[in-house]
Amino acid sequence: MASISHDDTNAVVIVGSGAGGGTLAHELTRRGVKVVLLEAGARQSLASFSQVPGEAFAQLTWLEPRTQSGTTTVVEDYPTLPSWTAKTVGGTTVHWTAMALRARDWEVRARSTYGAIDGASLIDWPLGYKELLPYYQMAEKRMVVTRRNGNPGLPASNHFKVFHYGAKRLGYRQVHTGYMAINSRPADGRGMCIQQGFCVQGCKTGAKWSTLYTEIPRAEATGNLELRAECRALHIEHGADGRVTAVVYRDPAGNEQRQKARIVCVACNAVETTRLLLLSTSARFPNGLANSTDQVGRHFCHHTGCFVWGVFEQPIEFWRGATLAGVVLDETRHDPKRGFAGGYHLEMAALDLPSIAIAGFPQTLWGRELGFVMEHYRSMAGIYINGEDLPRSTNRITLNREVKDQFGLPVANIHVDDHPNNAAMRRHGQQQAKALFEAAGAVKVLMSRQTPATHNMCAARMSRDPNDGVVNAHGQAHEVANLFVSDGSAMSTPSSANPTLTIVALALRQADYIERQMSARAI
Amino acid sequence: MRANATMDRREFLSATGVLTGVLAAGSPLALLAPGRAWALDLGTLSGSEGAALLAAARTIAPHDGLDDAPYALVVRALDDSAARDAATLTLLRRGVTTLGAGFAAAAETERVATLRALESTPFFKSVRATTLATLYASPLVYAYFGYEGEAFSKGGYLLRGFNDLRWLPEVPLADSGPVFGAESH
Numbered sequence: 000m001a002s003i004s005h006d007d008t009n010a011v012v013i014v015g016s017g018a019g020g021g022t023l024a025h026e027l028t029r030r031g032v033k034v035v036l037l038e039a040g041a042r043q044s045l046a047s048f049s050q051v052p053g054e055a056f057a058q059l060t061w062l063e064p065r066t067q068s069g070t071t072t073v074v075e076d077y078p079t080l081p082s083w084t085a086k087t088v089g090g091t092t093v094h095w096t097a098m099a100l101r102a103r104d105w106e107v108r109a110r111s112t113y114g115a116i117d118g119a120s121l122i123d124w125p126l127g128y129k130e131l132l133p134y135y136q137m138a139e140k141r142m143v144v145t146r147r148n149g150n151p152g153l154p155a156s157n158h159f160k161v162f163h164y165g166a167k168r169l170g171y172r173q174v175h176t177g178y179m180a181i182n183s184r185p186a187d188g189r190g191m192c193i194q195q196g197f198c199v200q201g202c203k204t205g206a207k208w209s210t211l212y213t214e215i216p217r218a219e220a221t222g223n224l225e226l227r228a229e230c231r232a233l234h235i236e237h238g239a240d241g242r243v244t245a246v247v248y249r250d251p252a253g254n255e256q257r258q259k260a261r262i263v264c265v266a267c268n269a270v271e272t273t274r275l276l277l278l279s280t281s282a283r284f285p286n287g288l289a290n291s292t293d294q295v296g297r298h299f300c301h302h303t304g305c306f307v308w309g310v311f312e313q314p315i316e317f318w319r320g321a322t323l324a325g326v327v328l329d330e331t332r333h334d335p336k337r338g339f340a341g342g343y344h345l346e347m348a349a350l351d352l353p354s355i356a357i358a359g360f361p362q363t364l365w366g367r368e369l370g371f372v373m374e375h376y377r378s379m380a381g382i383y384i385n386g387e388d389l390p391r392s393t394n395r396i397t398l399n400r401e402v403k404d405q406f407g408l409p410v411a412n413i414h415v416d417d418h419p420n421n422a423a424m425r426r427h428g429q430q431q432a433k434a435l436f437e438a439a440g441a442v443k444v445l446m447s448r449q450t451p452a453t454h455n456m457c458a459a460r461m462s463r464d465p466n467d468g469v470v471n472a473h474g475q476a477h478e479v480a481n482l483f484v485s486d487g488s489a490m491s492t493p494s495s496a497n498p499t500l501t502i503v504a505l506a507l508r509q510a511d512y513i514e515r516q517m518s519a520r521a522i
Numbered sequence: 000m001r002a003n004a005t006m007d008r009r010e011f012l013s014a015t016g017v018l019t020g021v022l023a024a025g026s027p028l029a030l031l032a033p034g035r036a037w038a039l040d041l042g043t044l045s046g047s048e049g050a051a052l053l054a055a056a057r058t059i060a061p062h063d064g065l066d067d068a069p070y071a072l073v074v075r076a077l078d079d080s081a082a083r084d085a086a087t088l089t090l091l092r093r094g095v096t097t098l099g100a101g102f103a104a105a106a107e108t109e110r111v112a113t114l115r116a117l118e119s120t121p122f123f124k125s126v127r128a129t130t131l132a133t134l135y136a137s138p139l140v141y142a143y144f145g146y147e148g149e150a151f152s153k154g155g156y157l158l159r160g161f162n163d164l165r166w167l168p169e170v171p172l173a174d175s176g177p178v179f180g181a182e183s184h
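Here the protein sequences line up with chains A and B, keeping their order. Numbering that gives the first Met the number 0 puts the first sequence at residues 0 to 522. Numbering that gives the first Met the number 0 puts the second sequence at residues 0 to 184.
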């Protein structure tokens, strides 16, 4: 690992070490660029990952205060956890369930495909699918995604047998064990999936791709990376020319440090990315860095996520096996006849004890009905509905000056009003999932309301017009040439795909661009 | 929790309480607990408050095959949060008063009706949330619900039944994948 001086004005500083930041760090350092990678969380390892559910959650999750508002049911149901994000080296790639789906070509042209929709701020992505596709392919190779590049699919678990049987009886045609960034055989110097279950705990064999044990150690091996874990970025500074010059952060001892920078890339998951930009105020940017058009934090998207559970008479034991290795792709289409714009994925899903009771069921469930369902824990099957939600300019992450964090800084407030399109899509998905389980013989079906999102997107989105977004097609801030957004915040619309593969693809594309711009001395 | 059910003198000497119980013979918990008798000292709540909250937890998440011991863990969690935070203590104290003196001994239908009327109160939400987060998180109850817990040290489930379901047909290989390194089933 390199040791980079705080005064090194040639360093690229990346804030956040997840799918975007970790990948970008590797791509830049292997090309000889010096990178300081700041990460708020601690560095875990395969050995230190806990398989005790509550302990694993506490080990990996961002538990500092955030507030929320709006009509989403998450406000009422999860008052202290508006969003489920990670705070650990590797970010959400440590707790993700590794569904590596591509956005579709028609989804990156959402405005053109869906037309104008009241109360939505849809745009087309400022890059075409042809420009994105090669990077998807590179990302899939690097993450060893199953069913791509000759990698076998994951084998069918008990849970998948139920999911597959119900889906086929319902008439679905595209049902398989998923495009998973989980090794179905040893590859990439990592082990294979041993079907140990609950991928959100951190994968103790490393079969699941995570920047923690792929991109980051490879970046360190180049001699060009200095990872600084347990360091909290406080704000970003700029010079008289409006270009960013340094990131101010607290080191693990709590001391304030200033790392000078040639380029700053922000990749903290949309909530904290937004907050960091909004906290970086100056005479030039009184409302936050790169926010002269008042776009930072707007258009926040999080997918139409909710759970549907089937209770069966026979045992399933859904904790045995890769958590999310099952998907129905038939509903991933734009078909207004269904009563909504855009599409969704039905994804097989399991939750641990106690998470299923806390986050999986409606908050009104208690008494004998809860007892009945929990006594059937071993014979339950689950589906997560992952659908495209519509951006709204008023769904916005802002600073809540009433509530301060441990450093005395305002926390993020997440405001989400559910769009009627989301509600219609969710209802459709719930009915389809219910029908799927009933076709497989479920004796009871339960539905959750919305759950705190890990898929946080679009809050600093790519746009052609600076009045529509924060960054250009390369994630480069419209207003600040050497400031980049390198996480899901940059997505122009959320698509119906779990976002990690897209974040990695965009980071790979951004690395190419940054290299070209650095070579040309443009930044 | 202590593994000895002798009545504590503190029950008489202080305002705080103690909850005691004996695991049923043949209880799945008996295999895991050091002894069949257990006792829980409460740091803040009284014994009768603890008993009311235990009854509330049992009503919210009823499992006839579970002893009181895992529910006592819920009371301990509530007692701990009451000790940390005066507002929580007030919330719980007032809530228990609302439940009424006879709540712990009342029939289940009565307890359900009482709690149903309180469903939208912060007291109920707090007790429900703590019940779910504590009761179902206890390794004491994993076995009762069939959950097998930590699996890595046993090699996961790849060769231990991740695909042993036989009540539905097998999935075609095209929609799944081979079990690498194992005989095809």
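A few of these clues could be false.
Stated by the list, open to error - Over the 12 Å line for every Cβ pair with chain A, so calculated as not near, a few chain B residues:
hint : residue
1    : L22
2    : A38
3    : S45
4    : H62
5    : T89
6    : R93
7    : A100
8    : G148
9    : A173
What the hints assert, rightly or not - Derived lysine to any residue pairs resembling SDA-like cross-links, with alpha carbons at most 20 Å apart:
hint : chain 1 : residue 1 : chain 2 : residue 2
10   : B       : K153      : A       : A46
11   : B       : K124      : A       : R448
12   : A       : K167      : B       : E169
13   : B       : K124      : A       : T72
14   : A       : K167      : B       : R165
15   : B       : K153      : A       : N286
16   : B       : K153      : A       : K167
17   : B       : K153      : A       : V51
18   : B       : K153      : A       : A472
19   : B       : K124      : A       : G370
20   : A       : K167      : B       : H62
21   : A       : K443      : B       : H62
22   : B       : K153      : A       : S49
23   : B       : K124      : A       : L80
24   : B       : K153      : A       : G190
25   : B       : K124      : A       : E75
26   : A       : K443      : B       : F144
27   : A       : K167      : B       : A112
28   : B       : K124      : A       : V247
29   : B       : K153      : A       : S47
30   : B       : K153      : A       : R189
31   : B       : K124      : A       : G366
32   : B       : K153      : A       : S44
33   : B       : K124      : A       : P361
34   : B       : K153      : A       : P185
35   : A       : K167      : B       : A173
36   : B       : K124      : A       : E368
No wet-lab data here; the hints were simulated from the structure. In this text, a Cβ means the ideal position worked out from N, Cα and C, and glycines have one as well.
Hint by hint, here is what the structure shows:
Non-interface call for B/L22 relative to chain A: holds, since the shortest CB-CB distance, roughly 19 Å, exceeds 12 Å. Chain A leaves B/A38 outside its interface by the beta-carbon criterion, the shortest separation being 24 Å against a cut-off of 12 Å. Every Cβ of chain A is farther than 12 Å from the Cβ of B/S45; the closest lies at roughly 25 Å, confirming the non-interface assignment. With 12 Å as the threshold on Cβ separation, the claim that B/H62 sits away from chain A is violated: the shortest Cβ distance comes to roughly 6 Å.
With 12 Å as the threshold on Cβ separation, the claim that B/T89 sits away from chain A holds: the shortest Cβ distance comes to roughly 19 Å. Non-interface status of B/R93 relative to chain A is upheld: no Cβ of that chain comes within 12 Å, the nearest being about 20 Å off. The beta carbon of B/A100 is kept farther than 12 Å from every beta carbon of chain A, the shortest such distance being approximately 22 Å. Residue-level check failed: B/G148 sits 7 Å from the nearest beta carbon of chain A, not beyond 12 Å.
Not every C-beta of chain A lies more than 12 Å from that of B/A173, the closest at about 8 Å, which undercuts listing it as non-interface. Taking the CA atoms of B/K153 and A/A46, the gap is about 15 Å. The hint holds against a cut of 20 Å. Pair hint B/K124 plus A/R448 holds up; C-alpha atoms about 16 Å apart against a cutoff of 20 Å. Distance hint between A/K167 and B/E169 is fulfilled; the C-alpha atoms sit about 12 Å from each other, no more than 20 Å.
Under the criterion of a C-alpha separation no larger than 20 Å, the hint pairing B/K124 with A/T72 is consistent with the structure, at around 15 Å. The hinted pair formed by A/K167 and B/R165 meets the criterion: a straight-line CA distance of about 17 Å does not exceed 20 Å. Under the criterion of a C-alpha separation no larger than 20 Å, the hint pairing B/K153 with A/N286 is inconsistent with the structure, at around 54 Å. Among the hinted pairs, B/K153 with A/K167 is inconsistent with the structure: their alpha-carbon atoms are about 34 Å apart, more than 20 Å.
For the proposed pair B/K153 and A/V51, the alpha carbon gap of about 15 Å is at most 20 Å, so the pair holds. Annotation: proposed proximity of B/K153 to A/A472 is violated, straight-line Cα distance about 47 Å (limit 20 Å). With a CA separation close to 17 Å, the supplied pair B/K124 and A/G370 stays within the 20 Å bound. Among the hinted pairs, A/K167 with B/H62 is inconsistent with the structure: their alpha-carbon atoms are about 35 Å apart, more than 20 Å.
Taken as a hint, the A/K443 and B/H62 pair is honoured in the structure, with Cα atoms around 18 Å apart against an allowance of 20 Å. This hinted pair checks out: B/K153 and A/S49 have alpha carbons roughly 15 Å apart, not beyond 20 Å. Between B/K124 and A/L80, the direct Cα distance comes to roughly 15 Å. Compliance with the 20 Å bound is thereby established for this hinted pair. At roughly 16 Å between alpha-carbon atoms, B/K153 and A/G190 fall within 20 Å of each other, so this suggested pair holds.
For the suggested pair B/K124 and A/E75, the alpha carbons sit about 11 Å apart, so the restraint of at most 20 Å is met. A C-alpha spacing of about 18 Å is found between A/K443 and B/F144, which places the hinted pair at or below 20 Å, so the restraint holds. The straight-line distance between the Cα atoms of A/K167 and B/A112 is roughly 43 Å, outside the 20 Å bound, and the hint therefore fails. The straight-line distance between the Cα atoms of B/K124 and A/V247 is roughly 41 Å, outside the 20 Å bound, and the hint therefore fails.
At roughly 17 Å between alpha-carbon atoms, B/K153 and A/S47 fall within 20 Å of each other, so this suggested pair holds. For a cut-off of 20 Å, the pair hint linking B/K153 to A/R189 stands: about 19 Å separates their Cα positions. For a cut-off of 20 Å, the pair hint linking B/K124 to A/G366 stands: about 13 Å separates their Cα positions. Our distance criterion of 20 Å between C-alpha atoms is met by B/K153 and A/S44, whose separation comes to about 19 Å.
Between B/K124 and A/P361, the direct Cα distance comes to roughly 13 Å. Compliance with the 20 Å bound is thereby established for this hinted pair. Using a Cα cut-off of 20 Å, the hinted pair B/K153 and A/P185 holds, with the two alpha carbons roughly 19 Å apart. For the given pair, A/K167 sits about 14 Å from B/A173 by alpha-carbon distance, which is consistent with the 20 Å threshold. Among the hinted pairs, B/K124 with A/E368 is consistent with the structure: their alpha-carbon atoms are about 17 Å apart, no more than 20 Å.
Taken one by one, the earlier hints fail for this structure at numbers 4, 8, 9, 15, 16, 18, 20, 27 and 28, listed in ascending order.
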